[in-house]
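**Student:** Read top to bottom, the protein sequences are chains A and B. Quick note: the first sequence, position 85, residue 85 per the numbering used here, numbers continuous. Quick note: the second sequence, position 166, residue 166 per the numbering used here, numbers continuous.
Derived by calculation from the structure, the hints in this document are not laboratory data. Only true hints are included.
A short, non-exhaustive set of chain A residues, derived as facing chain B with CB atoms under 10 Å: (1) Arg-47; (2) Arg-49; (3) Thr-52; (4) Pro-55; (5) Leu-57; (6) Arg-59; (7) Gly-68; (8) Trp-70.
For clarity, every value in this text was computed on a predicted model and none was experimentally measured. We put the beta carbon where it would ideally sit given N, CA and C, even for glycine.
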Amino acid sequence: MTDEDFDVQGFARGINELLILSTLREGAKHGYQIAIDVEEGSNGLFRFRHGTLYPILHRLEEAGHIQGSWSRVEGRRRKVYALTRRGARHLAGGSDRVDVVLRGLMSMLEGPGEVLP
Amino acid sequence: MTSREGAPGASGPSTIAERSLSDLASNPGLPLPARTRIVKELVDDLGGLPRRLVAEGRSPDEAGRRAAEVVLPAGPALQELEELARPRYHRLLAGFEARRVRAAERAALAVATLLMLGLAGGTLLRTGLLTAPSPYLWPVLGVGTTTLATILAKAFKLWIKGAHHRPRRGLRGIAVLAALTLGLGCAGALLDLVSLAGTLETTPTEGAELLTAWLVREAALVSTAIIFALSGALGWLALHAWITWVEQAHAEALDLTPSPTMESK
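Pulled out of the complex, with its shape left as it was, chain B reads as follows (with noise of 0.2 Å):
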């Protein structure tokens, strides 16, 4: 389609059929796999009736001029085709009020938030691991939660509601708080062990007991910050290979289109 542009002006079936395709492909209301399929089949048809009906004794011009007039979808199909492909979240939901489903939807996020702050609480807590926890814990949760629900969210947005518009929008985020709450823990384990030291110094008697309570301390913390950082690396990547393979998906869909008479001639 971008190689292939017609000349200004032009309203050939060439031109109208990159300009339809080109529409199409780049409706931000539709998810964009959908885009890419519809697009494709669209895409494959178009190069395939010319061919069809060249064989059959028409002329390219005039198979090109059908096969556009047959194959692409313009006014109230193109609205059912875009309306049949809206994911199906939105067709359920299409009787609410959009400010309530937002609110429903923040209120959803807030509660899986929670959920698994109090997974990740009781678990070191069954654990006996926050009798004496180090006081970096409780941020490495914090971002920790908050490194989960951004994936949460971001997955929600991609792979339910279907929001395409800025697919990699929020990804450097999850990565970057990932990565912080890995350096919190590594950075509070460091801090308790300066603190330990200057401990050590004033008590040296204790040496054997406070060693013993910061080693479990800090495993607590590091490990903790780990399982949050792995999670959110893994959410990351899982995101992050999606939208590279959709992306490309789409690219070569756009890259593959035809004019309805290149294939003919």
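For reference, chain A alone in the conformation it holds in the complex (with noise of 0.2 Å):
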């Protein structure tokens, strides 16, 4: 954590970006292989909707985070994302951050307090 202001919206955004590339560590994946597992994997807590997954995919390619590139799969083309050493090492930093955010949030949660009668 910094300084700077927490970014709900910014960190919720991150969190989708962690999960898609959390799922690559297995390999290279096309869409909506990746929603699936990303779908299975948090027992349906996270789930892509409306495309949401698209752009967020685009986005980690341009960053250069995971890798894009057309393929045969079965007879039929697919576009199929890898993860890429700049991901590994996003994904890293990302889990740290999340678990430093979430840890703050848990001790404030749980945190002593007066309960009023």
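Make one complex out of these two single chains by using the hints.
**Tutor:** Written out as structure tokens, the structure reads:
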């Protein structure tokens, strides 16, 4: 955490990016496979709807965190995305940041305080 | 997409998918290759996801609806997707006033045209071909430079600005200008020949000298015309081939558009 103001929207967007990057640790995947893996991996907590997955994928690709390429899977053309080294570093740094934010949040929520009768 | 249009008023996943993809595919604000890439990716996933969901036990209709819900971008997602697909040039200049950008573009084109003219004139000057040039060399230089400037402007529009609203617009003009350059060169040489014949009739004693001077003059005129016309033709060919290629890729992407339920059945 830095001294900058905490950006809730940016944090939420960052979570989506980290979820995508984390599923790509297992290997290259195409768009809907990523969506399914995120949904299944989070027990349905995180779901990509209304195409929200694709802008994130394209943004990550532009930032060099993932690399998209066209390949043939089961005789069909598919755009598959693979995690890059930069993406792996971003994932590690982002995970640490999420950990710090969640710890701070939990300590706030569970911290000692007077409960009025 | 075109052959699988849903019934009027229908609102099933197939119709929604087709409408959404059609809107995206025909968005004039995005470069054609970017639109093709996005539509292709969505179409592929829209075809693949229902198969996977059906294999997991869902009904084809439910699988189609779920696939459309996951894959098809709507509202902010679509806007963000379009923003990301905009050419870097527009994103870099987003903070500048459009009027000023246009003025700067025109100024840059004018400078480039003058540079080309200077380069062509300088080359002719260095080789001594401008000491007694054909009067038709100037229009050839003018039209030839205009041809190259038009190609430059078109290439800038297509490849840097990503303006693909009417990609073929101006191509015919380039071909006409290239042909005109060559035509002017040949016609000029012919008119110079007629003029030379007239001069030889009045002063036949200077025939050898006049003929040599004519040959040098016309060689400069015709070769300049050929170089400009050839450059124009090559530029036209490159632009034409690229536009045909991206249009074909786009048409293929649209033709492949499946309804989200179709493949799962």
